[in-house]
Structures are given as structure tokens and as C-alpha cells.
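There are 2 protein chains.
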Amino acid sequence: MAGKRVTLKDIAERTNYTINTVSRALKDKEDIALETRKKIQRLAKEMGYIENSVAGSLRSGYSKTIAVIVGDISNPHFGIIVKEIEKAARKHRYTIIVLNTEDREELEESAIRTALSKNVDGIIICPSQRSEDNIWFLQRTGVPFVLIGRRFKSIPEFDYVICDDEKGGYLATKYLLDTGHKRILFLNGPLHISSAEERYEGYKKALQEYGVPLDPQLVREPGLIQSETRHLIRSLIEEGVDFTGVFAFNDVIAWETIYMLQKLGYGVPKDYSVIGFDNINARIFSPSPLTSISNSKSKMSRRALDILLKKINESQAGKSGGYREVVDTRLVVRDSTRNSH
Amino acid sequence: MAGKRVTLKDIAERTNYTINTVSRALKDKEDIALETRKKIQRLAKEMGYIENSVAGSLRSGYSKTIAVIVGDISNPHFGIIVKEIEKAARKHRYTIIVLNTEDREELEESAIRTALSKNVDGIIICPSQRSEDNIWFLQRTGVPFVLIGRRFKSIPEFDYVICDDEKGGYLATKYLLDTGHKRILFLNGPLHISSAEERYEGYKKALQEYGVPLDPQLVREPGLIQSETRHLIRSLIEEGVDFTGVFAFNDVIAWETIYMLQKLGYGVPKDYSVIGFDNINARIFSPSPLTSISNSKSKMSRRALDILLKKINESQAGKSGGYREVVDTRLVVRDSTRNSH
DNA sequence: TTGTAAGCGTTATCAA
DNA sequence: TTGATAACGCTTACAA
Numbered sequence: 001m002a003g004k005r006v007t008l009k010d011i012a013e014r015t016n017y018t019i020n021t022v023s024r025a026l027k028d029k030e031d032i033a034l035e036t037r038k039k040i041q042r043l044a045k046e047m048g049y050i051e052n053s054v055a056g057s058l059r060s061g062y063s064k065t066i067a068v069i070v071g072d073i074s075n076p077h078f079g080i081i082v083k084e085i086e087k088a089a090r091k092h093r094y095t096i097i098v099l100n101t102e103d104r105e106e107l108e109e110s111a112i113r114t115a116l117s118k119n120v121d122g123i124i125i126c127p128s129q130r131s132e133d134n135i136w137f138l139q140r141t142g143v144p145f146v147l148i149g150r151r152f153k154s155i156p157e158f159d160y161v162i163c164d165d166e167k168g169g170y171l172a173t174k175y176l177l178d179t180g181h182k183r184i185l186f187l188n189g190p191l192h193i194s195s196a197e198e199r200y201e202g203y204k205k206a207l208q209e210y211g212v213p214l215d216p217q218l219v220r221e222p223g224l225i226q227s228e229t230r231h232l233i234r235s236l237i238e239e240g241v242d243f244t245g246v247f248a249f250n251d252v253i254a255w256e257t258i259y260m261l262q263k264l265g266y267g268v269p270k271d272y273s274v275i276g277f278d279n280i281n282a283r284i285f286s287p288s289p290l291t292s293i294s295n296s297k298s299k300m301s302r303r304a305l306d307i308l309l310k311k312i313n314e315s316q317a318g319k320s321g322g323y324r325e326v327v328d329t330r331l332v333v334r335d336s337t338r339n340s341h
Numbered sequence: 001m002a003g004k005r006v007t008l009k010d011i012a013e014r015t016n017y018t019i020n021t022v023s024r025a026l027k028d029k030e031d032i033a034l035e036t037r038k039k040i041q042r043l044a045k046e047m048g049y050i051e052n053s054v055a056g057s058l059r060s061g062y063s064k065t066i067a068v069i070v071g072d073i074s075n076p077h078f079g080i081i082v083k084e085i086e087k088a089a090r091k092h093r094y095t096i097i098v099l100n101t102e103d104r105e106e107l108e109e110s111a112i113r114t115a116l117s118k119n120v121d122g123i124i125i126c127p128s129q130r131s132e133d134n135i136w137f138l139q140r141t142g143v144p145f146v147l148i149g150r151r152f153k154s155i156p157e158f159d160y161v162i163c164d165d166e167k168g169g170y171l172a173t174k175y176l177l178d179t180g181h182k183r184i185l186f187l188n189g190p191l192h193i194s195s196a197e198e199r200y201e202g203y204k205k206a207l208q209e210y211g212v213p214l215d216p217q218l219v220r221e222p223g224l225i226q227s228e229t230r231h232l233i234r235s236l237i238e239e240g241v242d243f244t245g246v247f248a249f250n251d252v253i254a255w256e257t258i259y260m261l262q263k264l265g266y267g268v269p270k271d272y273s274v275i276g277f278d279n280i281n282a283r284i285f286s287p288s289p290l291t292s293i294s295n296s297k298s299k300m301s302r303r304a305l306d307i308l309l310k311k312i313n314e315s316q317a318g319k320s321g322g323y324r325e326v327v328d329t330r331l332v333v334r335d336s337t338r339n340s341h
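Keeping their order, the protein sequence lines are chains A and B.
Residues 1 to 341 (my numbering) are what the first sequence spells out, left to right.
Residues 1 to 341 (my numbering) are what the second sequence spells out, left to right.
Derived by calculation from the structure, the hints in this document are not laboratory data.
None of these values were measured; they are calculated from a predicted model.
It cannot be assumed that every hint is accurate.
Unchecked claim - What the simulated footprint calls covered on chain A by chain B, stretch by stretch (three residues with Cβ under 8 Å from a Cβ of chain B suffice, anywhere in the stretch; the number is not a length):
{"#": "1", "segment": "48-62"}
{"#": "2", "segment": "71-83"}
{"#": "3", "segment": "108-118"}
{"#": "4", "segment": "255-264"}
{"#": "5", "segment": "283-292"}
Unchecked claim - Label pairs and their computed distance ranges (CB to CB):
{"#": "6", "chain 1": "B", "residue 1": "Tyr-62", "chain 2": "A", "residue 2": "Arg-324", "range": "36 to 46 Å"}
{"#": "7", "chain 1": "A", "residue 1": "Thr-15", "chain 2": "B", "residue 2": "Arg-140", "range": "19 to 29 Å"}
{"#": "8", "chain 1": "B", "residue 1": "Asp-31", "chain 2": "A", "residue 2": "Lys-39", "range": "45 to 55 Å"}
{"#": "9", "chain 1": "B", "residue 1": "Arg-140", "chain 2": "A", "residue 2": "Ser-235", "range": "55 to 65 Å"}
{"#": "10", "chain 1": "B", "residue 1": "His-231", "chain 2": "A", "residue 2": "Lys-9", "range": "50 to 60 Å"}
All C-beta atoms in this analysis are idealised placements derived from N, C-alpha and C, irrespective of residue type, glycine included.
Please build the complete structure, drawing on both the sequences and the hints.
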């Protein structure tokens, strides 16, 4: 099949220019005569030339590629983020590599190594936060990166773009309290994740403001990748744990909660009010629309990319860093909650 | 920040071995003394060596990378497929690059070019099918590829893995007919996509079997990327178009349909029965579970990858091709349909 | 078991 | 405006 791939050399031989001239003509450089450029470009097209950017990047030192490293690409939240980053990157003629970590530390490390070994110009990563090690490692390499969605609050070296998780947690809890719920089950993500920890802060703050005591029994962590939400809800109900409101770490967990509550014969919002996080219904119009906390994924994605590109350019010059961005969150009320006053 | 990146040369200098020996030691080749290997590997780790696979692939001719090109990564269907391909690829120590086409022909072409320019060893692509050109172009390059989810039935050169779309369309329609629906709205994808066309065949076949005349008014194409499902449903209802069953091209469209029907005051499945396609509820347990056609995404993904790897290996040898795989579909009944007899 | 030499396809640099 | 040469970091082939 397929003859060997056409290279600059082939074009050079056919045109009697040098490889160098051909290279610059194809890059449309001004210092090559317009006519020469046209001629070479035409022939290149005719011969089916495809740039070998691998070879180019070996020489030039940059690849016009960035890596996007997330926990679970099949979670619509990350799906949307990846799509938005890709779209924004394309405008700047960057390509993205997507790597999945399943929020596992070893896979995260190997994802970072893979990205680096492919000479990416920068990395946008939603860190597993099982430890700081992988990110310190990344930091030491000097390759520009930006955290997205999670941060290390105490480490100023790690630039990030997150949403206002504490406010989100606060707004969700406050809304449930305002609508008459006192026993609010919080199905949180694992606490080593900053977003989980900060949403928890918001949860506690709201409870405190309303003088509702914190019941540790109502704070649970069903897991993000392999969710045990359904089992958890079932056993909570069977054990007769008392709650009427649910605040879930993300919409997927909220959906599962509603799914199981309905399966057990309860109505949402009739018997339980449920709030999610991520506002996926803004993109996917599903039945039984979910009350949720909206974090602008397109804004987060675009900001993360902008910052990354800035860091990439600055790092050629000299210093960089100090980017800390918190995108606003707000409550979007839909049909999974109701006023029980 | 960051000192310059460590290369084989640096390690060679520190150990007084040659670059070549270091290279082979790090690849753990048997022809290097075990002791030497250990010593070099230890030092490499100590010095923070990260392989430059770009340089390696330039020389070796393969990159251990495959490209996955899809229309919309934020659609959970593709999110799941990408995740499954990534997982399977990782086992074979392959990395994936993900590229979005938005089902647009120009973006598809540039996605293919980007993939090729990065020297991927192979491509798994869900073609936009706006024309055959891009795939013929890909074919001519000689780079191994496999279509996933869509096929060109009349072009035997293009290997594919799809699900049994016709059967899926047939099963969905038959089920609606069996449960008493005669007026079945088919919200299809655009007909230039093989899956849409073949599901339509199934739809027609079932109608025919049951002696129900085909009403063109009931066959619509709300669009896949920018879905106009909600507007469409609203206007159909307002125009008083008569139907009681809906078969949607995918679950996202089905969800939107139910969303809008409910918004207009109708019940699902009380007033309308709705069937989707993709069976996303097998992964995401959402409230109001959707009756859907199941196509095993993990099986499709794994088969596509297996075939691709086979083609990659065979293409080094000589011939390859002739892979045509149809994964079975089946009906999964949930709560969005009911027997109206 | 290790070393030497060449080369992958580009781009950078400097000379003409 | 174009050409000659070297170099990017690695792997291959072969020699020692």
C-alpha cells in the first residue's frame, strides 16, 4: 500500500531547491520569493506532503501540543472541559493530548511522564491530589502547567483555575436550609480533593449560620470513579437515617441518588430535595432537571488555556507564575428541590 | 526554574558509558550486563531522566501513539468510547491523542492531518461522513485506521467496527409497535451517517412487518451537535402532529425529548413512550431511566483497538485489511416506555 | 558486553 | 533571496 511518505527532501529534489528553502516556503516565510513559495506550495500539495511535526519539534524545541490530564473523561463534566479546552486550543493552533488518570496516583504519574516524553509545551491537569508528589515532580521539570478544578491552597507555586467551591457548597446548603430542610445529607467527594474540602467548608458555614448542628453521620464520601452512591443511599434509608435534603458533590452522584430514592419508592422533590454540582443540565437537557451549582466550564477552560499559553510564552523569556483564578459559582434551581415550608 | 532536561548524553557522560549503552540499558535490553543496567537505571532516575519519545520515534518510525478522532467528546457516548479505548491502549503501552471534529468536514481533515503530522501509528475515527474524501485521503497515506460507529458500506477498503444499527432500529420500533404504538416519531441523525441510515432501515422494516404505513412527517433529523430537538418537539406538539411513541437516534436526544414533553405538560411514559439509543444509563444512573438500545461500547472500543493494533503490526509485514465487525445490539427496557394496550 | 557511525526529518544559523 | 551545514535526542546496524 501507500508509497513512502513525502518529505521535504522529496520536494526539494523535484524543484531543485534545497530542503531549507522548501521548509521556509511551506512555512510561508517572507524571505522566500512569493513566486517560489507558491510554486513549492503547489507541488507540495500535489505530492501529498504532510508535515512531520515530530521532526520539527525535535529541532525547534516546541511541539504546539498541550496535554490535558483528567480523572475520568467519561464524566460529562470533564468531557465538556476537554471539549472547551480543545476548542480554545485549536484557535491558537495547538493540539491537545488527553490522558486519563482514574484519579490514581500511579496513573497520574505515568500520564505526566507520557506527556513530557511527547515534548508537550504545557499541561492542564486536574490533579488526583492523592499526594503533592506528582505535581512537585511536574514543577521541577520546568514545563508550564495549570491546575484545573482543584488546587493546593498552601502551595503558591502551583497556579490554578478553580470555581468558587466554598461558595457553591454554601449556596447549595443555604438553599436547602432556606426551603425548610434541617437534616441535609452531604454526599461529598474524597476530602483530599480541594474542591471536596472547600465545598465542605461551605456546607459547614451555612449550617452554622442557621444554627443547625453538624451531624457527621450525614457527611459521606461515596467515591468519584467507582461510585457507591446507590448502595450508600439504600443502606442509609434501610438504617432509617433521618434526612430530607441531599447535597451531592456532582450531578452524576445527584442523579444516582435520585435514581435510588425513586427505586425505593420515594419522590424527588416530594420526599427529598436533591442538589447537584456542575450544572450539566445546562448542556444536556435531561428529564427531571436537577437543581445544581453552576460553575462555568467554558470560562474555566478558556482561562486555564489562556494562562497556560501565557506561561509557555513567558517561560521562554524568564519568570512566570502567580496565576490564581477563582471563577464564580451560582445556584440554578430546577425541579429536584422544593420548598417544604 | 528547571535546569535543562536530562538526556541520554548527560547520563552517558556521568557514567562513562556511551549514549548507545545507556539507551539500551534503560530499555532493559538483555545484551547489557545486568549490573550495568542497574547502575545506569539508578543514575537515570536520580538525575530525573525523562525519555524523549519524540526523538525516539523520529528514528524508530513508530510513536506508540494512536489518534482517536470523534465528533463530540462531550457526548457521554463518545466520552465512554474514548475512555475505553484509552484504557485498552494503555495495556499495550500506547498513548492516545483525542481530536474533535464537531462532525465538520474541514475540522475532520485537519484532525487527520494533525494526527499524521504527529506520526501516530494508527487512527480510530468516527467519520463525519459528510463525504468520503477525508477517509480516502487517510487510506492513501497508508497509515492503519479503523472506523468506529459508522461505516461506508459500499467501500470494502475501510475497515470498521459498528454496532448492529439496523437491528437496533428494528428492535426499538418493534417494541413500540408491540406495546400498542402506531404513530412513531423517529428523531434520527442526519442520513449521510451510516448509523442513521441503518437505524432508519430497521425502523422501516418493523413498520412494514406490522403493516403500519410510513409517514414521512414522522421522520425528522434534529441534528447531532447543535440539537434542535427541543424546538422540534415543541413545534410538532403545537402543530398537533399525531404520535404516541418516539424513537430517538441517541439517548441525549431522547432526554431532550422527554424534557420538552414534560415541560409541555405531558407525561412519559404516561402520554408518550420514548426509546433512546446508546444505553448510557448503564453507566450513568440517572433518574427517569430511559428505555434504550444497548450497544456495548467497551466491546466496540476494545475490538476497534485490537483490530487497529493488528493492522499496525501487519502493515509492517505486508497486507492487512478486511476487518468488518458488527457488535450486537439489544433492547433494554426501562421506565420511559409503557404498554398502552 | 560495549562502542562507533549514521541517520530519522526538520529548523536554526550563518554564509553567499 | 537562497544555500550549506550543523544540530535536536534518540535508535539501528554493525563492528570490536
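Check your understanding: Honestly, which of those hints from before does the structure not fit?
Key -> none
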